[in-house]
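Enquirer: Below are the chains, spelled out letter by letter.
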Amino acid sequence: MNDKFRKNPEIKPLLHKIKNDVAALDGKTLPLKFMEVCGTHTVSILKFGFRHFFKDSIKFLSGPGCPVCVTSTQDIDKIIYLAQQGHHIVTFGDLIKVPGSTSSLEKEIAKGALVSVVYSPLDALSIAKNTSKEVVFIAVGFETTIPAIASLVLDAYAQKINNITILCLVKTMPNVLKFLLSELSGEIDGFIMPGHVSVIIGSEPYEFIPKEYNIPCTVAGFEPVDLGLGIESLVSQIKKNTPFVDNRYKRMVKSEGNRAAQELISVVFEECDVSWRGFGTIPKSGLCLKEDFAKFDAEKKFDIEVEDEVMQSACICGDIIAGRKTPLDCTLYQKVCNPENPVGPCMVSFEGACAAYYKYGE
Amino acid sequence: MCLAVPYRVISKDGNKAIADVFGMKKEIDIRIIEDVEIDEYVLVHAGFAIQRVSQEDAKETLELLTELCEAEE
Numbered sequence: 000m001n002d003k004f005r006k007n008p009e010i011k012p013l014l015h016k017i018k019n020d021v022a023a024l025d026g027k028t029l030p031l032k033f034m035e036v037c038g039t040h041t042v043s044i045l046k047f048g049f050r051h052f053f054k055d056s057i058k059f060l061s062g063p064g065c066p067v068c069v070t071s072t073q074d075i076d077k078i079i080y081l082a083q084q085g086h087h088i089v090t091f092g093d094l095i096k097v098p099g100s101t102s103s104l105e106k107e108i109a110k111g112a113l114v115s116v117v118y119s120p121l122d123a124l125s126i127a128k129n130t131s132k133e134v135v136f137i138a139v140g141f142e143t144t145i146p147a148i149a150s151l152v153l154d155a156y157a158q159k160i161n162n163i164t165i166l167c168l169v170k171t172m173p174n175v176l177k178f179l180l181s182e183l184s185g186e187i188d189g190f191i192m193p194g195h196v197s198v199i200i201g202s203e204p205y206e207f208i209p210k211e212y213n214i215p216c217t218v219a220g221f222e223p224v225d226l227g228l229g230i231e232s233l234v235s236q237i238k239k240n241t242p243f244v245d246n247r248y249k250r251m252v253k254s255e256g257n258r259a260a261q262e263l264i265s266v267v268f269e270e271c272d273v274s275w276r277g278f279g280t281i282p283k284s285g286l287c288l289k290e291d292f293a294k295f296d297a298e299k300k301f302d303i304e305v306e307d308e309v310m311q312s313a314c315i316c317g318d319i320i321a322g323r324k325t326p327l328d329c330t331l332y333q334k335v336c337n338p339e340n341p342v343g344p345c346m347v348s349f350e351g352a353c354a355a356y357y358k359y360g361e
Numbered sequence: 000m001c002l003a004v005p006y007r008v009i010s011k012d013g014n015k016a017i018a019d020v021f022g023m024k025k026e027i028d029i030r031i032i033e034d035v036e037i038d039e040y041v042l043v044h045a046g047f048a049i050q051r052v053s054q055e056d057a058k059e060t061l062e063l064l065t066e067l068c069e070a071e072e
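These protein sequence lines map, in sequence, to chains A and B. Going by numbering that gives the first Met the number 0, the first sequence runs without a break in its numbering and finishes at 361. Going by numbering that gives the first Met the number 0, the second sequence runs without a break in its numbering and finishes at 72.
Worth flagging that the hints you see were computed from the coordinates, not collected in a lab. Certain hints may be false.
[Claimed, not checked] Computed footprint of chain A on chain B, listed as stretches where at least three residues anywhere in the stretch have a Cβ under 8 Å from a Cβ of chain A:
#1 1–15
#2 29–43
[Said to hold, decoys possible] Beta-carbon label-pair distances, calculated as ranges:
#3 A:P338 to B:A70: 40 to 48 Å
#4 A:A157 to B:S53: 29 to 37 Å
#5 B:S53 to A:K132: 37 to 45 Å
#6 A:S265 to B:N14: 32 to 40 Å
#7 A:N162 to B:I17: 23 to 31 Å
#8 A:E269 to B:D34: 24 to 32 Å
#9 B:D34 to A:G26: 47 to 55 Å
The C-beta atom is built at its ideal place from N, Cα and C for all residues, glycine as well.
Between the sequences and the hints, there should be enough to build the whole structure, so can you do that?
Expert: Quick look at the structure:
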């Protein structure tokens, strides 16, 4: 079944239909500006050639949907501080190379820091069971990843494992979009909503966008057919001037989301204000551990000392995440910044806009 | 990082299941998917099943594609 979403001869007529529909739009400035909120969509749009194919009709703007990219330098410094204290750091792989203000995990590993890369947050538990060291899981991610992180905390609690904490840097989607729209309203013609975040939260939390801002939205998957159908929905909504939240990823996304996942999250976490690269602090845009689980909070267990954030690089990652600029607007891109020597996180994470542009030859 | 892939469940034991992806067998956590059946497909992110895959809805989406293309011709 999956192959039919990736290799389907009917995709070509669909893409030409979209192009023709865009060209026939009345009173719209072209190219249309669509924001793909999710980093995995950025990769698909470049990988499958959508950016090039729609060059004159649609401009794709990357949104704040790459968890590593939206993590602030100050939060990266906290990770590095914990590694320097000799704690066993457990992390997803794409955080390793992200530069903090003076170091990176990669540099700390070279100096002897203990860092394990895992595929699943639950792997941190078996690491903690087999060491007397303090294990710190670096909890980055959006709603897609948060149920697995909640399960790690619940399992540690149930199994009374006391040498594990999480550095809680998780973020949630609806309020950052609200913030973004307060800055960019009028500049975005449509949103391609993150497919796998929507598996958890559903499509309902986006309803305010067509209602309050008159902007079309579509939840889309990541294969060429999914993306093509998602883009078709946005163009069709513009054509008919009937903005709503369409769901073109129904095989995975229900309008109410996954209730069991939402309940799991609410047992462990509560909403709080968190800091985003490029935006600063946004009210209720992240999650913190509830009081019952405070002993698993690395920030409460350890005194983490980091300097206040000072912006001193020419890196425009923050502007790229906000949809204000693209990697091609950056003076560092390709010249001094590349995946081997990344200056900012958008070049580090494989789904960061800069890394995706670089890989797919833009 | 929100990459997720459909896995086919081969066997299950409490919160855990063994599932097949691209011919590889992996252990996954299925605690939030109620009554998973053997041979059913689940969407897995970071070793954690986050949703069961609806084959019926997949079919419907492909039919929509055909419909849109036919309307164009």
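Enquirer: Against each hint, give a clear statement of whether it holds in the structure.
Expert: Tested hints:
Look at the region 1–15 of chain B against chain A: 4 of its residues bring a Cβ nearer than 8 Å to a Cβ of that chain, three or more, so the hint holds. For the region 29–43 of chain B, the proposed coverage by chain A is satisfied: 5 residues have a C-beta within less than 8 Å of a C-beta in that chain, meeting the threshold of three. For the hinted restraint 40 to 48 Å between P338 (chain A) and A70 (chain B), the CB-CB distance of approximately 43 Å keeps it satisfied. Evaluation of the 29 to 37 Å hint for A157 (chain A) and S53 (chain B) yields a pass: the beta carbon distance comes to about 32 Å.
Checked against the hint of 37 to 45 Å, the C-beta distance between S53 (chain B) and K132 (chain A) comes to roughly 44 Å, which is consistent with it. Checked against the hint of 32 to 40 Å, the C-beta distance between S265 (chain A) and N14 (chain B) comes to roughly 19 Å, which is inconsistent with it. For the pair N162 (chain A) and I17 (chain B), the beta carbons lie near 29 Å from each other, so the given range of 23 to 31 Å is met. In this structure the hint that E269 (chain A) and D34 (chain B) lie 24 to 32 Å apart at CB holds, the actual value being about 30 Å.
One distance hint, 47 to 55 Å for the beta-carbon pair D34 (chain B) and G26 (chain A), holds here, with the actual separation near 52 Å.
Comparing the model with each earlier hint shows a violation of hint 6 alone; every other hint is respected.
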